[in-house]
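> Each chain, letter by letter, is given below.
There are 2 protein chains.
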Amino acid sequence: MNIGTSETLYESVAGKIESLIEQEVLQPGDKVPSVRKLSSEQGVSLSTAFQAYFLLENKGLIESKPRSGFYVKFAKSKLPPQPQLIFPKHSPSLLNVNEMISKVLKEARNEKNISLAVASPHYSLLPVAQLNKAITQTIRKGKGEYLNYDFPPGHERLRRQIARRSFDWGGNLHSDDIIITFGCMEALNLCLRAVASPGDTIAIESPTYYGILQAIESLGMKAMEIATHPETGVDLDDLEKALNKTKVTACLFVTNFNNPLGSCMPVKNKRKLVNLLAHREIPLIEDDLYGDLFLGKSRPVNAKAFDKKGLVLLCSSFSKSLAPGFRVGWTSPGRFKEKIERLKFMTTVATSTLNQMAIAHFLENGSYDRHLRKIRTAFNNQISLTTQAIVKYFPPETKITRPSGGFVLWVELPGNVDAMELHEAARAKHISIAPGPIFSTKNQYNNFIRISCGLPWSEKIEEAIKEIGKLIITLSNHQLSYL
Amino acid sequence: MNIGTSETLYESVAGKIESLIEQEVLQPGDKVPSVRKLSSEQGVSLSTAFQAYFLLENKGLIESKPRSGFYVKFAKSKLPPQPQLIFPKHSPSLLNVNEMISKVLKEARNEKNISLAVASPHYSLLPVAQLNKAITQTIRKGKGEYLNYDFPPGHERLRRQIARRSFDWGGNLHSDDIIITFGCMEALNLCLRAVASPGDTIAIESPTYYGILQAIESLGMKAMEIATHPETGVDLDDLEKALNKTKVTACLFVTNFNNPLGSCMPVKNKRKLVNLLAHREIPLIEDDLYGDLFLGKSRPVNAKAFDKKGLVLLCSSFSKSLAPGFRVGWTSPGRFKEKIERLKFMTTVATSTLNQMAIAHFLENGSYDRHLRKIRTAFNNQISLTTQAIVKYFPPETKITRPSGGFVLWVELPGNVDAMELHEAARAKHISIAPGPIFSTKNQYNNFIRISCGLPWSEKIEEAIKEIGKLIITLSNHQLSYL
Chain A
350 MNIGTSETLY ESVAGKIESL IEQEVLQPGD KVPSVRKLSS EQGVSLSTAF QAYFLLENKG
410 LIESKPRSGF YVKFAKSKLP PQPQLIFPKH SPSLLNVNEM ISKVLKEARN EKNISLAVAS
470 PHYSLLPVAQ LNKAITQTIR KGKGEYLNYD FPPGHERLRR QIARRSFDWG GNLHSDDIII
530 TFGCMEALNL CLRAVASPGD TIAIESPTYY GILQAIESLG MKAMEIATHP ETGVDLDDLE
590 KALNKTKVTA CLFVTNFNNP LGSCMPVKNK RKLVNLLAHR EIPLIEDDLY GDLFLGKSRP
650 VNAKAFDKKG LVLLCSSFSK SLAPGFRVGW TSPGRFKEKI ERLKFMTTVA TSTLNQMAIA
710 HFLENGSYDR HLRKIRTAFN NQISLTTQAI VKYFPPETKI TRPSGGFVLW VELPGNVDAM
770 ELHEAARAKH ISIAPGPIFS TKNQYNNFIR ISCGLPWSEK IEEAIKEIGK LIITLSNHQL
830 SYL
Chain B
350 MNIGTSETLY ESVAGKIESL IEQEVLQPGD KVPSVRKLSS EQGVSLSTAF QAYFLLENKG
410 LIESKPRSGF YVKFAKSKLP PQPQLIFPKH SPSLLNVNEM ISKVLKEARN EKNISLAVAS
470 PHYSLLPVAQ LNKAITQTIR KGKGEYLNYD FPPGHERLRR QIARRSFDWG GNLHSDDIII
530 TFGCMEALNL CLRAVASPGD TIAIESPTYY GILQAIESLG MKAMEIATHP ETGVDLDDLE
590 KALNKTKVTA CLFVTNFNNP LGSCMPVKNK RKLVNLLAHR EIPLIEDDLY GDLFLGKSRP
650 VNAKAFDKKG LVLLCSSFSK SLAPGFRVGW TSPGRFKEKI ERLKFMTTVA TSTLNQMAIA
710 HFLENGSYDR HLRKIRTAFN NQISLTTQAI VKYFPPETKI TRPSGGFVLW VELPGNVDAM
770 ELHEAARAKH ISIAPGPIFS TKNQYNNFIR ISCGLPWSEK IEEAIKEIGK LIITLSNHQL
830 SYL
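Sequence order for the protein chains is A and B. Under this note's numbering, the residue at position 309 of the first sequence is numbered 658, and the numbers go up by one with no gaps. Under this note's numbering, the residue at position 426 of the second sequence is numbered 775, and the numbers go up by one with no gaps.
Worth flagging that the hints you see were computed from the coordinates, not collected in a lab. There's no promise every hint is true.
As the list claims (entries may be wrong) - Keeping only pairs whose Cα atoms sit at most 27 Å apart, straight-line, the calculated BS3-like set for lysine-lysine is:
#1 A:K492 - B:K482
#2 B:K686 - A:K461
#3 A:K455 - B:K492
#4 B:K414 - B:K380
#5 B:K748 - B:K438
#6 A:K422 - A:K815
#7 B:K455 - A:K492
#8 A:K492 - B:K414
#9 B:K490 - A:K482
#10 A:K490 - B:K492
#11 A:K427 - A:K809
#12 B:K490 - A:K723
#13 B:K452 - A:K686
#14 B:K455 - A:K686
#15 A:K658 - A:K386
#16 B:K658 - A:K452
#17 B:K414 - A:K686
#18 A:K461 - B:K596
#19 B:K658 - A:K455
What the hints assert, rightly or not - Computed footprint of chain B on chain A, listed as stretches where at least three residues anywhere in the stretch have a Cβ under 8 Å from a Cβ of chain B:
#20 530 to 544
#21 563 to 574
#22 586 to 595
#23 674 to 682
To be verified - Have a look at the derived ranges for each label pair, beta carbon to beta carbon:
#24 B:P805 - A:R513: 54 to 60 Å
#25 B:K658 - A:G645: 56 to 62 Å
#26 B:G645 - A:K452: 43 to 49 Å
#27 A:Q433 - B:E494: 39 to 45 Å
#28 B:E460 - A:G645: 43 to 49 Å
#29 A:S383 - B:E494: 18 to 24 Å
#30 B:D525 - A:K594: 43 to 49 Å
#31 A:S389 - B:E494: 43 to 49 Å
#32 A:H523 - B:G764: 43 to 49 Å
#33 B:K490 - A:L395: 38 to 44 Å
#34 B:K590 - A:P547: 29 to 35 Å
#35 B:G569 - A:K594: 23 to 29 Å
#36 B:G569 - A:K452: 38 to 44 Å
#37 B:K815 - A:E713: 55 to 61 Å
Computed from a predicted structure; not experimentally measured. Heads up, the beta-carbon is just placed ideally off N, CA and C, and yes, glycines get one too.
Put together the whole structure using the sequences plus the hints.
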């Protein structure tokens, strides 16, 4: 049983209409079937038919005209192309990105700005009332046990729930296989320290999340970037070439919905990746932070599912889907478990007990899947609307990814637009975006930006995107005038 | 105004009687003044006089005999001597203690054991009801903001409270000087990484907390042990000798109530230490984890109070006094602030928001000082009763520290008793203790153990100490029989 396939009836009906729009059977401006017709043709109630159309309207795909009905507004086929696959040089390098990243982040977190930079779900998208209840019930049930240390590997009830959910990605974990950490980032740090030493080379995706670059730099390790496709993730041929050329100590890949690309490695690629690395005894740190946030029909399988040698160190957390501020994540690190358990104790002793207990309580109540369905729909809509706004306000040469999960967009601007300059100019207008260069070690992606769709759609956000569009056009013309 | 001097009337009266016992004016077996006499002589109510005697009874210093009155039971002057100052060799060494420590800890945390090993206050000593309230009020006040990230430096209200309390130790911090961390241990790790690199030498106390040894080892740094006096802490002459001989990159000292010694550096030593290191531009990481848990009359001043060059990185947390499981600590790292803020983001992103908000709420309510007075009294009693039990059940050659703060005892056993063997033997009886060798890098303190007094006194604990005493005598005789 896959949690992703449990579509509701109205979602299924909406999917059929969406597919007609995608195949251009229905084109922008066309009227879609009336609610009454949809209801009788599909054999669903009027209410279900309405729900289906509301869903499509929320995604910005259709619009209602008063006393007339629903009309196609936007076709995915009219989307601009995706950014191209880029092949970075395979020279492992000590990094020097911290300075730049830290400066950019300082601005990104400025609460006065409209933040399109931070990849975090807004709390209005989170199940606040249920989490409140989980916390108060946890507190009231005991005598104060939540004040005690919960030493590594961490809270047993929470580990059991995480193990239970491993079936969803093709795994078969036992609670003993899991160590709870302070979010996915601590998990990645501990895994890096467990498998590699200062000076060692780590293969990473290009582009990849800047926090991963910072971690590798701060641990004195080197990074080697592997070409990564906007849809299918790590290019395995490019990886193999790199492995043949250089001694790589470990790989760290975001196999599901790489941040910033939103790419997802197909199952057969994941299997091939695991075998390729197992053959060479190279550990794979698999970052599955976004795995539950698939936008397609089903939860992707993890590379960890194919791990026979205990060489895959799977890392994830509840930060992107449930409770960023809780700082609760985990790793299932295969043969490195003992080492990581010790490192965890040495660096942060134990993960906060109350936070672990509250999430365990929430998961035990079975509310998580329901919430995930809700937040995935929200992200889907926000991505759709943000994409439409970018198409509307950015120059026509702009390219945009079509993420299959997560909630960020990777946007390629005209070649003469400098993303760092754009970041500065946007900052002056109190808008923060993440400029491309912070996602690489190689001084590239200079004309890329990442836009987060973690905030609920609003006029303010549309205005911000419009403003960025204007700035891009100004910068682009300004550059041209130099030529 | 010092928070430590606000003695209540009955404590003051009890102190007078205690001082008569210490000076041997009143000796074991002697009858103390009747409650009525005490009341009239000291000009206090009968109730206050009773409270004073109950306090002394709780400490195990007097006992009541039915229909007769109170009698002296135990005199501190009858305490065994303290362990001697030991001068370790000044050779910096890469450590190899993790393996041993991890094994010992695994047992120490076994919940089936009576744990005299883990230095953690039992939750019955913590203000559970008030913390429950702080949490539920924090949740109810907002719309779910506690689910957001609270990026470094961390929660502003909490930092303000910590800054406010800095007056108690002679400091004058501003909230901007502080970074919130996952407990003191994360603070120490970040500070070590900020001031030193793999291969560098860190001067530490001998003995010192094993977690510090583990952190230094896991970061690939070397440790050099400095002689540390059971009462006055780091021996400054020995430190100066070491600094003259070897390049030391940083010092990491627990200036107040070193764990396991319970020693406290006198103010003039702290001032001298700061000057000595400032002159050589050597950073001092000051671990003040136990500072609020003084057992004397007042809160000790911190070395940080004398820091003019921003070279003292003060670290502490709420784990030993308020909420171990919350994992909330902090550092005020002087000139290294920016670097540590970045490292914090790279390793754990942010500290749990709810936990920070709840502690801020608790501190704002002014309940912390009241709670600290209560828990200090409890630790004082538990230390007194544990000491008396050790005197009663351990061999007469045993030496015990008289900690001026914190809640652990460092016990020197007869020279032929192997603490690791004792640890194993106790384990078989379901009692866990911390053996001396895990507190050093030099394979020393082989006949020392650390006993934690974090659990409320009970018959079970007395039985456990009696059992350890028997094991010591057996091991000691067994060794002798080999001669």
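> Work down the list of hints and note, for each, if the structure agrees.
Hint-by-hint comparison with the structure:
1. A:K492 - B:K482: Roughly 13 Å between the alpha carbons, so the hint for K492 of chain A and K482 of chain B holds.
2. B:K686 - A:K461: Roughly 23 Å separates the two Cα atoms, so the pair holds.
3. A:K455 - B:K492: Holds: K455 of chain A and K492 of chain B sit about 25 Å apart, inside 27 Å.
4. B:K414 - B:K380: With a Cα-Cα distance of about 10 Å, the restraint between K414 of chain B and K380 of chain B holds, given a limit of 27 Å.
5. B:K748 - B:K438: Holds: K748 of chain B and K438 of chain B sit about 23 Å apart, inside 27 Å.
6. A:K422 - A:K815: holds (19 Å)
7. B:K455 - A:K492: holds (25 Å)
8. A:K492 - B:K414: violated (35 Å)
9. B:K490 - A:K482: Holds. K490 of chain B to K482 of chain A sits at ~14 Å (cutoff 27 Å).
10. A:K490 - B:K492: holds (24 Å)
11. A:K427 - A:K809: Within the cut-off at roughly 25 Å; holds.
12. B:K490 - A:K723: With Cα atoms ~25 Å apart, K490 of chain B and K723 of chain A stay inside 27 Å; holds.
13. B:K452 - A:K686: holds (15 Å)
14. B:K455 - A:K686: It holds: about 14 Å lies between the C-alpha atoms, which stays within 27 Å.
15. A:K658 - A:K386: violated (56 Å)
16. B:K658 - A:K452: holds (25 Å)
17. B:K414 - A:K686: violated (57 Å)
18. A:K461 - B:K596: violated (47 Å)
19. B:K658 - A:K455: Within the cut-off at roughly 26 Å; holds.
20. 530 to 544: holds (count 6)
21. 563 to 574: holds (count 4)
22. 586 to 595: Violated: only 0 residues of the region 586 to 595 of chain A have a Cβ under 8 Å from chain B.
23. 674 to 682: holds (count 3)
24. B:P805 - A:R513: 54 to 60 Å: violated (37 Å)
25. B:K658 - A:G645: 56 to 62 Å: holds (58 Å)
26. B:G645 - A:K452: 43 to 49 Å: Holds, since G645 of chain B and K452 of chain A (Cβ atoms, about 47 Å apart) stay within the stated range.
27. A:Q433 - B:E494: 39 to 45 Å: Since Q433 of chain A and E494 of chain B have Cβ atoms about 41 Å apart, the given range 39 to 45 Å holds.
28. B:E460 - A:G645: 43 to 49 Å: holds (44 Å)
29. A:S383 - B:E494: 18 to 24 Å: violated (44 Å)
30. B:D525 - A:K594: 43 to 49 Å: With Cβ atoms ~48 Å apart, the hint holds.
31. A:S389 - B:E494: 43 to 49 Å: For E494 of chain B against S389 of chain A, whose Cβ atoms are near 47 Å apart, the range 43 to 49 Å holds.
32. A:H523 - B:G764: 43 to 49 Å: The hinted range 43 to 49 Å holds for H523 of chain A and G764 of chain B, with Cβ atoms some 47 Å apart.
33. B:K490 - A:L395: 38 to 44 Å: holds (43 Å)
34. B:K590 - A:P547: 29 to 35 Å: Between K590 of chain B and P547 of chain A, where Cβ atoms are some 31 Å apart, the hint holds.
35. B:G569 - A:K594: 23 to 29 Å: holds (28 Å)
36. B:G569 - A:K452: 38 to 44 Å: violated (29 Å)
37. B:K815 - A:E713: 55 to 61 Å: Given range 55 to 61 Å: violated, Cβ gap about 43 Å.
When held up to the earlier numbered hints, the structure conflicts with 8, 15, 17, 18, 22, 24, 29, 36 and 37 and fits the remainder.
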